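Chemist: Produce the complete structure using the sequences and hints provided.
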Amino acid sequence: MIPDGRARPVRAWLVIASAVAFVLAVVGCPSAGRDDGLDVTKLPSDVQGDYAVFAQRCSKCHSLSRPLESGITEDAYWVAYVAKMRRQPGSGISRQDEVPILRFLHYYSAGQLTRDDAKEGGR
Amino acid sequence: MTRGAPLASWLAALAILLVASAADAVDRNFAGSVQVDYLLVPTSGGNLNRDTTGTSASGATVPGGNGWYGFDGFTLEATEKLAVDVSDHLSANVKVCFGCHGFELDMAYADYRVADELNVRAGRFSPTFGAFNLRHDVANHKLSDKPLPYDMGRMLRLRAWNLGVLPSPFPDNGVEINGTHWFGDDTQIDYAVYAVQGFRSGDAHPVDLDFTLSRTPYYVDDNGFPSVGARLAWTQKLGALSDVTIGGSGMYGTYDPGNSLSYAIVGGDISLRLALTNVRLEYLVRRTQIDVTDPARFALPVSATGDAVFKHGAYVEIEQPLSPALDLMARVDGLYRVGNFVADPEDEVPLRRRSSIVRYTLGASYAFERGFRLKLSTELWNFSDADDDGHTLAVGLHAAFVAAY
Numbered sequence: 001m002i003p004d005g006r007a008r009p010v011r012a013w014l015v016i017a018s019a020v021a022f023v024l025a026v027v028g029c030p031s032a033g034r035d036d037g038l039d040v041t042k043l044p045s046d047v048q049g050d051y052a053v054f055a056q057r058c059s060k061c062h063s064l065s066r067p068l069e070s071g072i073t074e075d076a077y078w079v080a081y082v083a084k085m086r087r088q089p090g091s092g093i094s095r096q097d098e099v100p101i102l103r104f105l106h107y108y109s110a111g112q113l114t115r116d117d118a119k120e121g122g123r
Numbered sequence: 124m125t126r127g128a129p130l131a132s133w134l135a136a137l138a139i140l141l142v143a144s145a146a147d148a149v150d151r152n153f154a155g156s157v158q159v160d161y162l163l164v165p166t167s168g169g170n171l172n173r174d175t176t177g178t179s180a181s182g183a184t185v186p187g188g189n190g191w192y193g194f195d196g197f198t199l200e201a202t203e204k205l206a207v208d209v210s211d212h213l214s215a216n217v218k219v220c221f222g223c224h225g226f227e228l229d230m231a232y233a234d235y236r237v238a239d240e241l242n243v244r245a246g247r248f249s250p251t252f253g254a255f256n257l258r259h260d261v262a263n264h265k266l267s268d269k270p271l272p273y274d275m276g277r278m279l280r281l282r283a284w285n286l287g288v289l290p291s292p293f294p295d296n297g298v299e300i301n302g303t304h305w306f307g308d309d310t311q312i313d314y315a316v317y318a319v320q321g322f323r324s325g326d327a328h329p330v331d332l333d334f335t336l337s338r339t340p341y342y343v344d345d346n347g348f349p350s351v352g353a354r355l356a357w358t359q360k361l362g363a364l365s366d367v368t369i370g371g372s373g374m375y376g377t378y379d380p381g382n383s384l385s386y387a388i389v390g391g392d393i394s395l396r397l398a399l400t401n402v403r404l405e406y407l408v409r410r411t412q413i414d415v416t417d418p419a420r421f422a423l424p425v426s427a428t429g430d431a432v433f434k435h436g437a438y439v440e441i442e443q444p445l446s447p448a449l450d451l452m453a454r455v456d457g458l459y460r461v462g463n464f465v466a467d468p469e470d471e472v473p474l475r476r477r478s479s480i481v482r483y484t485l486g487a488s489y490a491f492e493r494g495f496r497l498k499l500s501t502e503l504w505n506f507s508d509a510d511d512d513g514h515t516l517a518v519g520l521h522a523a524f525v526a527a528y
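Protein chains in written order, with the working numbering: chain A, 1 to 123; chain B, 124 to 528.
Since the hints were derived computationally from the structure, they do not count as laboratory data. All values derive from a computational prediction rather than experimental measurement. Cβ atoms here follow ideal geometry from the backbone N, Cα and C, with glycine treated the same way. Careful, some of the hints might be misleading.
[To be verified] Label pairs and their in silico Cβ distance ranges:
(1) B:Asp211 / A:His106: 16 to 22 Å
(2) A:His106 / B:Gly362: 23 to 29 Å
(3) B:Leu361 / A:Gly71: 32 to 38 Å
(4) A:Val99 / B:Ser365: 56 to 62 Å
(5) A:Ala76 / B:Val159: 35 to 41 Å
(6) B:Thr310 / A:Val99: 17 to 23 Å
(7) B:Gly381 / A:Ala83: 44 to 50 Å
(8) A:Ala110 / B:Gly347: 52 to 58 Å
(9) A:Thr73 / B:Ser365: 29 to 35 Å
(10) A:Val99 / B:Trp357: 20 to 26 Å
(11) A:Pro44 / B:His212: 35 to 41 Å
(12) A:Ala83 / B:His328: 49 to 55 Å
(13) B:Tyr314 / A:Thr73: 47 to 53 Å
[Unchecked claim] Stretch-level coverage of chain B by chain A, calculated; a stretch enters the list once three of its residues show a Cβ under 8 Å from a Cβ in chain A:
(14) 251–264
(15) 311–317
(16) 394–406
(17) 431–441
(18) 486–496
[To be verified] So the derived list for chain B, only partly shown, Cβ under 8 Å to chain A, looks like this:
(19) Asp150
(20) Ala154
(21) Leu205
(22) Asp208
(23) Glu227
(24) Thr303
(25) Trp305
(26) Asp308
(27) Asp366
(28) Thr368
(29) Ala422
(30) Ala527
(31) Tyr528
Modeler: Here it is as structure tokens:
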């Protein structure tokens, strides 16, 4: 920083150019990185609709990594937690939405348990 | 902040843990986030610490040592939150933050829910106001900084403007009653009413809210008059994957020890969800009474400006996922201030009776890994008033890593 008010054009433009290049690179390589949620094309067709409701409702206030990385695998916990989220102001989660959301979370948790078991078995 | 405050925060967290353990709680949920952000301001346009001195590139001593434009450089925001569901009706939350001013207790409250439509909250919490505060955690908004109406120290010229309209979060001690009700499956109504300590000022002749004092021990009110407020919001489903929320909020209280100077904040917000696209608009205005018993302190004639300052703030933003890992954001936000201000003998305060800031932001948020993101954004600032170098434009560049767990 130059406190007497003079600009630093070279440094600034380097940063801007880097940022733009980064964004273009990412846009050009959509397979790079990893979604905060799940790749919907890799989900069974009967789960995709449930996931769509989960993704739309549950990303309104927080990222999808919150529930997906929570490590929760118990259905009873999800029932209580989704009800808690439904009561959040402006959640947009109705009682009817709870059904597909819980169905997806059950599917996801079951897969997570299988993955955890596989990890345990591999040790 | 005093040295006792971090200790108090951790003791509160420990107390919640102990209570939760003793109650054999049904569920506990621990979550946290951390963001480190680098802000580069390669242009002039700010005037933060004009009373300090620094050295220019030529070696000359000049006013404005560090933070000439704002808090550029690295800043850290970290939070740890524990939510405990003690029973079907009783739950508790405690959240500790670490930011530019050290540890803060963002939440320490209990909820007693009689029904969806009636929940009693007591403790320390941010009272329900506006739409943004629910997403104020760095993991829950995809730009590095907050919209200007809610800015808490990342804006340029923050000293002259004394931050935004209602710096977020705004935890306070008090009681809130809130609830939600669905009409059928498509319409949701939320409400909240509350009484909290309110903002404070330690100035013998206050001219604005003192946000630093308001979050500094002792955590007690400077007058016996609580601040009160309310919010009402309507959410309407527009389709299977779309909805809109329209809300209105208000807050009123006094902030001086004499209980004679009031502040009133009102706001309106609209949040539109079209599949995964978010469009958000919000407007706030605060009317703050000021002490004009000594007209000589002010830059403008008191007879012409009255005893109140109005600060308006607004933002509109669009958040659009472009790929599974990449979101793009565009935001326009601003502040508009009308009223008097304390005179500066050196006439370096870049304010007039009517002053404004408009900021244009473009940003991207890229997920390397689930829960780990890079945020990049660039901002163009347009000030109505030139600084002492004659500049009205500034550029800010943010690069941040944020993790949520």
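Chemist: Tell me, in ascending order, the numbers of any earlier hints that this structure violates.
Modeler: 4, 13, 17, 21, 23, 29
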